[in-house]
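Asker: Next come the chains, spelled out residue by residue.
Protein chains: 2
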Amino acid sequence: MRILMRIAYNGLNFNGWQYQEEGRTVQGEIESVLTSIHKTFTRIHPASRTDKGVHAREQYAHFDTELNIPAEKWAFILNSKMPKDIAITETFQVRDDYHVRYDSKGKTYRYSIYQTSKNPFYNGLKAHIDKTLDIEAMREAAKHFLGTHDFTSFSSAKTVIDYKVRHIYELKIEETNDGLDIVITGSGFLYNMVRIIAAYLFEVGQLKRKPEDTLKLIEAKDRTQIPLTAPPDGLYLERTFLNEQELLEYLEEK
Amino acid sequence: MRILMRIAYNGLNFNGWQYQEEGRTVQGEIESVLTSIHKTFTRIHPASRTDKGVHAREQYAHFDTELNIPAEKWAFILNSKMPKDIAITETFQVRDDYHVRYDSKGKTYRYSIYQTSKNPFYNGLKAHIDKTLDIEAMREAAKHFLGTHDFTSFSSAKTVIDYKVRHIYELKIEETNDGLDIVITGSGFLYNMVRIIAAYLFEVGQLKRKPEDTLKLIEAKDRTQIPLTAPPDGLYLERTFLNEQELLEYLEEK
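As given, the protein sequences belong to chains A and B, one line each in that order. Residues 370 to 623, numbered by our numbering, are exactly what the first sequence covers, in order. Residues 370 to 623, numbered by our numbering, are exactly what the second sequence covers, in order.
Worth flagging that the hints you see were computed from the coordinates, not collected in a lab. Computed from a predicted model, the values in this text were never measured in an experiment. Incorrect hints may appear among the rest.
For identical chains, the list gives no copy identity; a pair is met inside one copy or between any two copies.
30 Å max Cα-Cα, derived BS3-like pairs, lysine-lysine [to be verified]:
(1) 585 to 500
(2) 541 to 527
(3) 585 to 474
(4) 408 to 527
(5) 421 to 453
(6) 450 to 577
(7) 408 to 487
(8) 453 to 527
(9) 487 to 541
(10) 442 to 500
(11) 421 to 533
(12) 590 to 533
(13) 450 to 421
(14) 474 to 487
(15) 533 to 579
(16) 487 to 421
(17) 590 to 512
(18) 453 to 487
(19) 527 to 579
(20) 500 to 474
(21) 453 to 408
(22) 453 to 577
(23) 450 to 487
(24) 487 to 442
(25) 500 to 450
Work the whole structure out from these sequences, hints included.
Answerer: Structural data, given as structure tokens:
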């Protein structure tokens, strides 16, 4: 039986999602609990890997089990054994050839910053930018990301995938009580893409870049023109759309 | 010149305030920055030590310097060199024989819990109690702590201080949007005293203890009758009253 888990985690004290020999990882912690329950190594497969320090409010991953436990009971069993920085919020059965990475239809990421004086309780949870940002300029630049583009300029040179075309459905700047959030929904994201777009928009907000140059920079397909990457603090995998209907409902709510 | 620092820190990734050979401590981090500026070992003295995992919104500590830097500039210099989980919010000169531990006149601690489903973003910042709590019973019990008492029953057996009489000015239960906070103001607190009182009040809230037995338990001066200690998650040194006037103003605001 294939079980899909909905997962939330606080990335601060993890070396990212993916299992490593050294260092605490989200995959490592969850597989360790599943392996101790199954008494045999149990592998999990995520919707997407997240980097060191990146958070998730709605990640998904699945595993296969031969144990005779109702699918929906797994959430309670697993959650009680997880450390305090991982929550398994729901579990359900999926078909045996389901693969969330390929079957899901898009994601929303949120990048949160605060602009007040240094707050140690935001450590790892929001990035700190104490400069004034021109939100209207950021919103103007954001419009140019919408639609289908080759995002070579806005992805890490380490990206191993050749096909760099992605569709951005929505890119919002939301004001918060002490800063702002960038909220971006797309068909998929290349390595570091959200953090590079965020760093770029913060440059626009500081008037170091002109919003109207955005499309030209995308079309240049040249990462060297956009060298900055925002830190992982404040980056959240906010939502994973399991199917087209979920995505359409999200976009229609606007 | 003696400089007093106002300090806030997120205790999650610290082994407490006090310097240790191994492990990251708040004292260790601040002394390391001061020592690198002075190029000679520089010791700091706090208003109170906090345990592993305990936070501070308003801790104070002082150091002596021969550097010709205006007292109020130290905050900016130090803050920029501190890690993200420590903020130095203000600095000012005090008299050369000032000692914040002896000259301060009381403290407020806050203990925060949340009662919704597991939230990884509260990891280390609020304790999780998913049981229903009878707040009126807790408030009834809280009244008995007010005034001057010997708090032997409500302090760790490891307490080295013989004189265990303290004055509690205020003990409030504040409802929050997802739980509650216990806010306690006193002349001083014994080792683990706030965490033991919190654990006791949570027992009262779960109707495992009767509010009217509280005074009898205080008067028993017997820790074995109150064996629980609440975890450090959610404990904040909220306020340090530097002098009697600050304390009186706080109490009069009510």
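Asker: Would you mind marking each hint as holding or not holding in the structure?
Answerer: Here is how each hint holds up against the structure:
For the homomeric pair residue 585 and residue 500, the shortest alpha-carbon distance inside one copy (26 Å) is at most 30 Å, but the shortest distance between copies (56 Å) is not. Proximity of residue 541 to residue 527 under the C-alpha cut-off of 30 Å is restricted to the intra-copy arrangement: shortest distance 27 Å within a copy versus 54 Å between copies. Taking the shortest Cα distances, residue 585 and residue 474 sit within 30 Å of each other inside one copy (28 Å), while across copies they are farther apart (63 Å). For the identical chains of this complex, residue 408 and residue 527 are neighbours neither inside a copy (37 Å) nor across copies (41 Å), given an alpha-carbon limit of 30 Å.
In this assembly of identical chains, the alpha carbons of residue 421 and residue 453 lie at most 30 Å apart whether taken from the same copy (17 Å) or from different copies (16 Å). Taking CA atoms no more than 30 Å apart as the test, residue 450 paired with residue 577 passes between copies only; the shortest distance there is 26 Å, against 48 Å inside one copy. For the identical chains of this complex, residue 408 and residue 487 are inter-copy neighbours only, at 26 Å across copies versus 46 Å inside a copy, given an alpha-carbon limit of 30 Å. Within a single copy, residue 453 and residue 527 get their C-alpha atoms only as close as 32 Å, which misses the 30 Å cut-off; across copies the closest is 28 Å, which meets it.
With identical chains, the CA atoms of residue 487 and residue 541 are at most 30 Å apart both within one copy (25 Å) and between copies (28 Å). For the identical chains of this complex, residue 442 and residue 500 are inter-copy neighbours only, at 20 Å across copies versus 48 Å inside a copy, given an alpha-carbon limit of 30 Å. Taking the shortest alpha-carbon separations for residue 421 and residue 533, only the intra-copy value of 23 Å comes in at or below 30 Å, while the best inter-copy value is 46 Å. In the homo-oligomer, the alpha carbons of residue 590 and residue 533 lie at most 30 Å apart inside one protomer (10 Å), although the nearest pairing across protomers, at 70 Å, exceeds that limit.
Taking identical chains as interchangeable, the C-alpha atoms of residue 450 and residue 421 lie at most 30 Å apart whether they share a chain (22 Å) or sit on different chains (23 Å). Taking the shortest alpha-carbon separations for residue 474 and residue 487, only the inter-copy value of 27 Å comes in at or below 30 Å, while the best intra-copy value is 38 Å. Taking CA atoms no more than 30 Å apart as the test, residue 533 paired with residue 579 passes inside one copy only; the shortest distance there is 24 Å, against 65 Å between copies. Taking the shortest Cα distances, residue 487 and residue 421 sit within 30 Å of each other both inside one copy (22 Å) and across copies (22 Å).
Taking the shortest Cα distances, residue 590 and residue 512 sit within 30 Å of each other inside one copy (18 Å), while across copies they are farther apart (68 Å). In this assembly of identical chains, residue 453 and residue 487 lie within 30 Å of each other by CA distance both inside one copy and across copies; the values are 25 Å within and 8 Å between. Taking the shortest alpha-carbon separations for residue 527 and residue 579, only the intra-copy value of 27 Å comes in at or below 30 Å, while the best inter-copy value is 63 Å. Taking identical chains as interchangeable, the C-alpha atoms of residue 500 and residue 474 are never at most 30 Å apart, the minima being 36 Å within one chain and 38 Å between chains.
When the C-alpha separation of residue 453 and residue 408 is checked against a cutoff of 30 Å, the pair qualifies only within one copy, where the shortest distance is 23 Å, while the shortest distance between copies is 40 Å. For a Cα distance limit of 30 Å, the shortest separation of residue 453 from residue 577 across copies, 26 Å, qualifies, whereas the shortest one inside one copy, 41 Å, does not. For a Cα distance limit of 30 Å, the shortest separation of residue 450 from residue 487 across copies, 12 Å, qualifies, whereas the shortest one inside one copy, 34 Å, does not. Proximity of residue 487 and residue 442 under a CA criterion of 30 Å is satisfied inter-copy only: 16 Å between copies versus 42 Å inside one chain copy.
For the homomeric pair residue 500 and residue 450, the shortest alpha-carbon distance between copies (18 Å) is at most 30 Å, but the shortest distance inside one copy (42 Å) is not.
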